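A.B. asks: The lines below spell out each chain.
Number of protein chains: 2
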Amino acid sequence: MKVELEKVLPGEIEARSFEIITKELGDTPLVPGTEPIVKRCIHTSADFDYAKNLCFSEGAVEKALAAIKDGASIVTDTQMAKAGINKKALERFGGSVYCFMSDPDVAAQAKEEGCTRAKASMDKAAKLDCPLIFAIGNAPTALVRLYELIEEGRIDPRLVIGVPVGFVNVVASKELIMETQTPYIVARGRKGGSNIAACICNALLYMLKESGRE
Amino acid sequence: MKVELEKVLPGEIEARSFEIITKELGDTPLVPGTEPIVKRCIHTSADFDYAKNLCFSEGAVEKALAAIKDGASIVTDTQMAKAGINKKALERFGGSVYCFMSDPDVAAQAKEEGCTRAKASMDKAAKLDCPLIFAIGNAPTALVRLYELIEEGRIDPRLVIGVPVGFVNVVASKELIMETQTPYIVARGRKGGSNIAACICNALLYMLKESGRE
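Line by line, the protein sequences are chains A and B. Reminder that position 109 of the first sequence reads as 212 in my numbering, one-by-one numbering, no gaps. Reminder that position 188 of the second sequence reads as 291 in my numbering, one-by-one numbering, no gaps.
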């Protein structure tokens, strides 16, 4: 087979990718205002399912952007998602990225309670005293715990990005979050991941960057 | 809607997930010996396409396991993949995980040459003096550079995990790597990602852990 490479300058690869995504989406209906997020998820996964499975609560994107501008911090359930989020872009607005999964006190609580570290890490995050966005890309148990903490009135997140991936309670945990009054961006069904969680955070950050340029 | 959660103990979630994956794969043909890798990619993505798109060069898994036992280090093209690889498990065999994407000298070379940092980071990796596994989950330009370095006889990787994701030269870069004599694990087509790159590394590490238990 003859392999041919397309000549694209390094600075143009992303724009060219988004052109291809936009073209292939054709007239697939997307909720107005959510397009940059949906397209970035497809960019990150090459999986057009995200054009259909992403669910946004009413005004979720506007509320998320406002939260970031207010200096919201982001809590993730994996070091991978933390590594993938553009921390410099977030820091410009005053926020930080937290992941408590590797913390000794979280491990200790998980062992004591017989729960997942993901659940214990949400309990730790609930003690943070700042506006919070949760970006859950791995553990449905984290999302279930967020649901409980929200329903008990112990936390009031500015946004929950609910995109755990997998086969055990993943679908159900997302449906639970969508029952709350908390703004959410959820990938309905089994799909998601740390990469998707990070990419939704970055899509939001880049929307602010671009609107700042205008 | 009534949401029902399945009761599964934290330590049993992964095993239950693999049960579901195995059941849903049914009699989908997989190359013998590659099943733990294919299933872990599906576990990481909830995307059964990986049962079809993963390509293994002859004996790739055995060669990869031997490389890890020999103390091979892993070079990735993203901090996310680095964050996702089980570094403790790798260190037991003597290897480390490297990602040079954020290094100032890599940024400087990329600027000077007008190339991607991914390409420059592969040039830096080529100077490492140890057995190497490359785990490329993001940048096709990294994979193309590896192809060139291999063809020029400047590197001789023990394995190339070629799973960049996306729309510009991703498909072609994978086909290029499959033309070399280097052992490879490639996700043919557009799909892949840092999460998939990390998960293939981990699947290999867990295969060694499990065989060590016997």
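Hints are computed from structural coordinates only; laboratory data are not their basis. Bear in mind the structure is a predicted one, so any value in this text is a computation, not a measurement. Errors might be hidden in some of the hints.
The list treats identical chains as one, so a pair stands whether inside a single copy or across any two.
Stated by the list, open to error - Below, simulated BS3-like cross-link-like pairs (lysine-lysine); rule was C-alpha separation at most 27 Å, straight line: (1) Lys172 / Lys230; (2) Lys191 / Lys227; (3) Lys230 / Lys155; (4) Lys155 / Lys126; (5) Lys172 / Lys105; (6) Lys142 / Lys155; (7) Lys126 / Lys191; (8) Lys191 / Lys105; (9) Lys155 / Lys214; (10) Lys190 / Lys227; (11) Lys126 / Lys172.
A.B. asks: Now look at each hint and say whether the structure bears it out.
C.D. replies: Quick rundown of the hints versus the structure:
{"no.": "1", "hint": "Lys172 / Lys230", "in the structure": "within (21 Å within a copy, 43 Å between copies)"}
{"no.": "2", "hint": "Lys191 / Lys227", "in the structure": "both (24 Å within a copy, 25 Å between copies)"}
{"no.": "3", "hint": "Lys230 / Lys155", "in the structure": "neither (35 Å within a copy, 45 Å between copies)"}
{"no.": "4", "hint": "Lys155 / Lys126", "in the structure": "both (16 Å within a copy, 26 Å between copies)"}
{"no.": "5", "hint": "Lys172 / Lys105", "in the structure": "neither (50 Å within a copy, 36 Å between copies)"}
{"no.": "6", "hint": "Lys142 / Lys155", "in the structure": "both (11 Å within a copy, 25 Å between copies)"}
{"no.": "7", "hint": "Lys126 / Lys191", "in the structure": "neither (31 Å within a copy, 43 Å between copies)"}
{"no.": "8", "hint": "Lys191 / Lys105", "in the structure": "neither (41 Å within a copy, 41 Å between copies)"}
{"no.": "9", "hint": "Lys155 / Lys214", "in the structure": "neither (38 Å within a copy, 39 Å between copies)"}
{"no.": "10", "hint": "Lys190 / Lys227", "in the structure": "both (21 Å within a copy, 25 Å between copies)"}
{"no.": "11", "hint": "Lys126 / Lys172", "in the structure": "neither (32 Å within a copy, 46 Å between copies)"}
Checked against the numbered hints listed earlier, the structure breaks hints 3, 5, 7, 8, 9 and 11; every other hint is satisfied.
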